[in-house]
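Just so we're aligned: the sequence shown equals residues 0 to 81 in this note's numbering.
Derived by calculation from the structure, the hints in this document are not laboratory data.
Cβ-Cβ distance ranges computed for the label pairs, FRET-style:
{"hint": "1", "residue 1": "Cys-31", "residue 2": "Gly-6", "range": "31 to 41 Å"}
{"hint": "2", "residue 1": "Trp-7", "residue 2": "Ile-57", "range": "35 to 45 Å"}
{"hint": "3", "residue 1": "Leu-26", "residue 2": "Leu-54", "range": "19 to 29 Å"}
{"hint": "4", "residue 1": "Lys-17", "residue 2": "Leu-55", "range": "19 to 29 Å"}
{"hint": "5", "residue 1": "Leu-54", "residue 2": "Ala-12", "range": "31 to 41 Å"}
{"hint": "6", "residue 1": "Val-59", "residue 2": "Gln-11", "range": "23 to 33 Å"}
{"hint": "7", "residue 1": "Gly-37", "residue 2": "Gly-6", "range": "42 to 52 Å"}
{"hint": "8", "residue 1": "Arg-5", "residue 2": "Tyr-52", "range": "41 to 51 Å"}
{"hint": "9", "residue 1": "Leu-55", "residue 2": "Leu-26", "range": "11 to 21 Å"}
Positions of the beta carbon are idealized from the N, C-alpha and C atoms, including for glycine.
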Amino acid sequence: MDLVLRGWVDGQAVAFGKGLLAFTGGLLAFACCLLAFGGCFLASCRDLLALDYCLLAIGVFLTRGGSGAMPNSARKAKMFRF
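Assemble the whole structure, with the sequences as input and the hints as a guide.
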C-alpha cells in the first residue's frame with residue numbers, strides 16, 4: 000500500500016510539474032502574441048504583412064499556447080477521480 004501511495008504522490012508531482020511548464024509556456028506564447036499585436040499597431044497601416052504576422056501570432060497562441068496542454072491534463076485528471 001505504501002508503494003502504491005508513493006507512486007501516486009510521485010505521479011501527482013510529475014503532473015504538477017508538467018502543468019506548471021505548460022502554464023509558463025502559455026504565458027510566454029501570450030507575451031509573444033501581445034508583442035506581435037503591438038507591432039501591428041506600430042507598423043504602417045499600408046503594411047499588410049505586419050497584419051498577417053499579427054493574425055498568425057494570434058492564431059498560433061489560440062491553437063498551440065492557449066489550449067495545447069488542456070486535453071492531456073483533462074485526461075489525467077479523470078484518472079484520479081474517485
